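Student: Taking the hints as your guide, dock the two standalone chains into a single complex.
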Amino acid sequence: MNNPQLDRDGNLKHLLSIEGLPKRILNQILDTAESFVGVAEREVKKVPLLRGKTVCNLFFENSTRTRTTFEIAAKRLSADVISLNVSTSSQSKGETILDTVDNLIAMHADMFVVRHAQSGAAHLIAKHVPPHIHVVNAGDGRHSHPTQGLLDVFTIRKYKPDLHNLKIAIVGDVLHSRVARSEIHALTTLGVPEVRVIAPKTLLPAQVEKLGVHVFHDMEEGLKDVDVIMMLRLQNERMNGAMLPSSQEYFKTYGLTQEKLKLAKPDAIVMHPGPMNRGVEIDSNVADGKQSVILPQVTYGIAIRMAVMALLAGGSPAQQQGTGGSPTATAGDAS
Amino acid sequence: MKIQIKNGRLIDPKNNIDSKLDVFIAAGKIVAIGHSPEGFVANQVVEADNLVVCPGLVDLSARLREPGDEYKARLVSELQAAVAGGVTSLACPPDTDPVLDEPGLVEMLKHRAKQQGLAHVYPLGALTRQLEGKALSEMSELTTAGCVGFSQANVAITDTQVLWRAMEYAATFGFTLFLHAEEPFLAAKGVAHDGEVATRLGLKGIPSAAEALALSTILRIAQETGAKVHISRLSTAEGVEMVRAAKKQGLKISCDVSAHHLHLTEHDIGYFDANCHLKPPLRTQRDKEALSAGLKDGTIDAICSDHTPVDDDAKLAPFAEAEIGATGLELLLPLTLKWATEQKVGLLQAIGSITQTSARILGVPAGDLSVNSDADLCVFDANEYWKVCPDTLKSQGKNTPFTNLELAGKVKFTLVHGQIVYQQRT
Chain A
1 MNNPQLDRDG NLKHLLSIEG LPKRILNQIL DTAESFVGVA EREVKKVPLL RGKTVCNLFF
61 ENSTRTRTTF EIAAKRLSAD VISLNVSTSS QSKGETILDT VDNLIAMHAD MFVVRHAQSG
121 AAHLIAKHVP PHIHVVNAGD GRHSHPTQGL LDVFTIRKYK PDLHNLKIAI VGDVLHSRVA
181 RSEIHALTTL GVPEVRVIAP KTLLPAQVEK LGVHVFHDME EGLKDVDVIM MLRLQNERMN
241 GAMLPSSQEY FKTYGLTQEK LKLAKPDAIV MHPGPMNRGV EIDSNVADGK QSVILPQVTY
301 GIAIRMAVMA LLAGGSPAQQ QGTGGSPTAT AGDAS
Chain B
1 MKIQIKNGRL IDPKNNIDSK LDVFIAAGKI VAIGHSPEGF VANQVVEADN LVVCPGLVDL
61 SARLREPGDE YKARLVSELQ AAVAGGVTSL ACPPDTDPVL DEPGLVEMLK HRAKQQGLAH
121 VYPLGALTRQ LEGKALSEMS ELTTAGCVGF SQANVAITDT QVLWRAMEYA ATFGFTLFLH
181 AEEPFLAAKG VAHDGEVATR LGLKGIPSAA EALALSTILR IAQETGAKVH ISRLSTAEGV
241 EMVRAAKKQG LKISCDVSAH HLHLTEHDIG YFDANCHLKP PLRTQRDKEA LSAGLKDGTI
301 DAICSDHTPV DDDAKLAPFA EAEIGATGLE LLLPLTLKWA TEQKVGLLQA IGSITQTSAR
361 ILGVPAGDLS VNSDADLCVF DANEYWKVCP DTLKSQGKNT PFTNLELAGK VKFTLVHGQI
421 VYQQRT
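Those protein sequence lines, which keep their order, are chains A and B.
Note that this note's numbering numbers the first sequence so that position 16 is 16, with each residue one more than the last.
Note that this note's numbering numbers the second sequence so that position 294 is 294, with each residue one more than the last.
What the hints contain is simulated information worked out from the structure, not anything from laboratory work.
Keep in mind the model is a prediction, meaning the values are calculated, not measured.
Possibly wrong hints are sitting among the right ones.
Residues on chain A that point at chain B, a partial pick, calculated with CB under 8 Å [to be verified]:
id	residue
1	E19
2	K23
3	L98
4	L124
5	S144
6	R181
7	Q207
8	V208
Just so it is clear, CB atoms sit at the ideal spot from N, CA and C, and this is done for glycine as well.
Only chain B is shown next, with the shape it has when bound in the complex (with noise of 0.2 Å):
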């Protein structure tokens, strides 16, 4: 199979182009940029005039509630919501159930989503058995199986000395650890964020001291045992200060944000709504702009959709009783959209954010547009609004704070491995 997509505008980060150029693709590669290879004869053209091309996203978590909880969402489910939502690769955390702690679920896991030829699934594996925070697992064996790196999900390592070891452990292979910081005493039962809303509506808070603690406690750990760290949904400004310093510092640190955070505030949760009952909690406009200015300079490096489709009836609950999560792969792009038009920050920097550094971050191959790469592609119009309706998102989940939203961005064409795997229905 044979595609041309032609006189779309071009946007590939990693190689810093942003010009109107096509794209040739034979045989699951991209074969040629700009001019077309001798003899190419295309099966099927692209028309992609006003639209713009640019690698699959790839999204750093996005759970797919497989194995275990397929009443709240199926994989077939979650990878259609991902190709239509142009993203064309995701990490998935362990917090399935069982937890993804056996090589051999992770090879069913990875087997399952390879056969729905959709997008590509690549699972973080837990880094302590059953989640518990005491044995270290098999970290080795998951690798081989698929995992590209190891995560506790949202449930911390109480324990120092077992932080410590799997810190260790972990450089000694050059694995990386993709830790959510929260200190999980001070934490504890809190539901939203420690401040002014939270005691207006009589929510327990988290404050964000929990970030601070747990991120310093990561971060030293890190420069002692030299492990690669990937912090997960970064929540406040002190949070993002601490990974400057640190980065300056020399520390293999990366970090990301849920798109949910570059645009909500605990104000958000108005009177109750639990579609922002979310994990980070949603925090102050301060916090909201500090990691906007930290993801514009560079100190978090990418944006994640923190994928977590719910039922409808799990959140049919009081706030601190409904089920953690918000629907989010479908909302990828849009968001980030939305986000470097309103911080004027260019195409290729905001889309560097969910392609090429989350690639980069997984260590996967994905994320760019060089010649002979997987055609992992994302064809979208940049300007074409569409109303978020729960009825019409492909996710399972159909809970996201920005129901009846218009957010400019559609997906029209998604290609994996050289394959239109999702088309806009006219």
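The following block holds chain A by itself, in its conformation from the complex (with noise of 0.2 Å):
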């Protein structure tokens, strides 16, 4: 079974899942984006990597924020952007995803970034789009969102170079995270030596230890002496039913508060995917407090959108007129 992700050469083709993509591509896509950090503070927040191509940001789910990275990074490239939110367009009139493909395909676009309700579906349409397409998954149902799993390793890597010598924590709705799967998936494959998940059974897929991650269900056990804890969104939807019992207890047993920060290693970071539910996952003492860099973790991830659209439109960071740069946040710049 060919790895859809890759051309015959072992190269980037698309980016639909962490899973499969050598640690090779990976540092590749890590370190592309560290050139691209230093062009947010340039005057001219430009590069023409992309110029003359058009991206395509094909939202079959609504987000507003990773649209609105995966635009703003693809603009920084010099890209032209179209932003389709097609859950309230043609779907709704009753269009196939791959017919709404092939209309934008006849209007000649470059690239797409897919976000969709369904796992799977980026997958398909890179199976469907001629060669010189390329798509990037910016969120499939439950199972990938590979840019935010790049983002969080890339925040990680700027306070906490060594990977090699990390403890992990993801800790909450492990079952129907689409990014906690993707970070599991770069943390091991990059070589951190503990990947932990925390949260009670009914929010753990089945076989996740398969993962390569330890189950913890008692976070203060989990928590001990990790140097990084990831914590993931709770939907709302998931409250007062046969999940969980209520967000009072969530929070209390999973919520994430200085109490329980303090069993982590002192210089631990804290990280979260966003938006928050502040008083359920997260206290906002930790979420605004020293340790937490929910706010870096956004402003990299336009580094890393940008990394991966250059890469897959072929462009060689070499080549990148001008770019370079030096992380600008630091502990403590989200306080």
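Tutor: So this is what it looks like as structure tokens:
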């Protein structure tokens, strides 16, 4: 079975999932992103790598934050950007995903950034498009959100450069989380020795340990001595049902408070893919505290997305004119 | 019309025959085996050197999509697929549109199928009206109209009192119930086995326990009511063990496995291959091996194709939204042979699981080559490999996880009621 993300020479053709990508490619994306971080600080926040290319943001599921970051990233690469919120247009009239895609191919789009509520949607589109078109998965169902996974690793690398010496805890709704899956694959591929997931059994998928993680149901135990805490978003509809008894009980058992944070290493960083439910999965003091790197995550998200789009469109970082720069955020910037 | 099938390797599991014998056919019946009857002059001789001659295959579950879903498949296309696959008798589930819960509909389907002059169609009537799991259908009337048993297709009866009554009523008349064991609440919105692959791909899982729980309910009620129950498409190791125990207890239980589940596991979903979106879901390697062992030791009685033609567009969707099902009628024989080769099972036993036992379960006159029985036969080359190409399949449903796979077992002739209804073009 050929990995549909790689071309015959083993280069990145589409970014659909972190799973199956070699360490070499993950590092290539992260290193390329490094060179894009400084672009945002320049007066003219643009590089010409995607000039003349058309990037189409195809969002079958609503998202403001992710769509915006992709849009900014594409524009900083000088691409023409079209953003379509398909869930409210063609799809509601009965058009299939591939009909929509075909129409955009006919309009000469060069890259699709796809978000969809169903796992596998980006794979389906990647299988369908002609060879010169690239597909970036911006989140499909519970399956994957590879750029989020990469930006999380990028952020960790900024604060904890030696990935081979880290304990990382992912806390919350792993069952429904495409972010968690992507983080797990990215971290384990890049050699993080201990990735933990902490959640009640109702929020963990079957045989999650086969992804290479250690499972904890007790948060106090799971947070002990970790270097990084990645909180996951908990959707309100999963409260007060068969998944969890109540938001109060969840916060008490799995919410990240200052007290629980003290169990981790003193210099541990706190991450969250956003948007946050304050008082449900995370206490405001922690979210806005000095160990939080939640806002730098957002900043780095643009660099990662620029890197992915630049690599897919064939641009090499060496050819970039005047890019480069150093990290702008340090621990505590967000406080 | 008199036909002599000459020099073939005759395999008739019911009569325990595996020998080089000629078959003599006249007026739609087998009139002799081995030696020509006195005065028999064949109008046609079928040369079967190096070929296997066996009873026409009997498939326990093949959707024909008529009435109602003709855009997916039509009776004629699917019955042509059946005979091209050596299938001469098939049972079709009642989940058509409208549902097969009216005697008139069953009569019409039987009539239309008969007009094609291809495979025999034996409808399974809806066990409950509209498959809603609330009111019992007119089982006796439906039987008179041509139903050979009753089924809920893939729709579970959630109300155990209704299930109990349905079994009691069916037991009164000796009708067989064909039930798919899946606890509907546990399986709700599930699209793959609840295991490693579903976790990796972010697909909603159906736990093995969904089969075990439903099976436990069915077996318990069957024990109380004495109903004759056939479990359709078993998929788990635990399920096999439960059926084994139930049979030991003396319950009137039989079961089948789909040919897909003998060869595929959850890992075959790969990168969201919608052709592997099946019901029940593809399970683990351990389950696959238990199904195989169960079939070998007779716990599982038969192999079915679970033929479910789906139009291409319905598969061009993300995995969970892609319609369930795969084509199977033309693959039943080669997949059975592949299983037999891999498991070192003799042809007599393997062919028995797609002829004699399935005919017995349906209670239809088919599945053997006894003298005076209907001349429904399949003549095939067990050693000829062919590549599964959607374009060359007769079925209107082209979707299969086995596309491009080379399989041994090519049907050369199919006879129904003494007539050659399929002959491979040379």
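Student: Each hint: holds or not?
Tutor: Each hint tested on the structure:
no.: 1; hint: E19; in the structure: holds (7 Å)
no.: 2; hint: K23; in the structure: violated (18 Å)
no.: 3; hint: L98; in the structure: holds (6 Å)
no.: 4; hint: L124; in the structure: holds (6 Å)
no.: 5; hint: S144; in the structure: holds (7 Å)
no.: 6; hint: R181; in the structure: holds (6 Å)
no.: 7; hint: Q207; in the structure: holds (5 Å)
no.: 8; hint: V208; in the structure: holds (6 Å)
When held up to the earlier numbered hints, the structure conflicts with hint 2 and nothing else.
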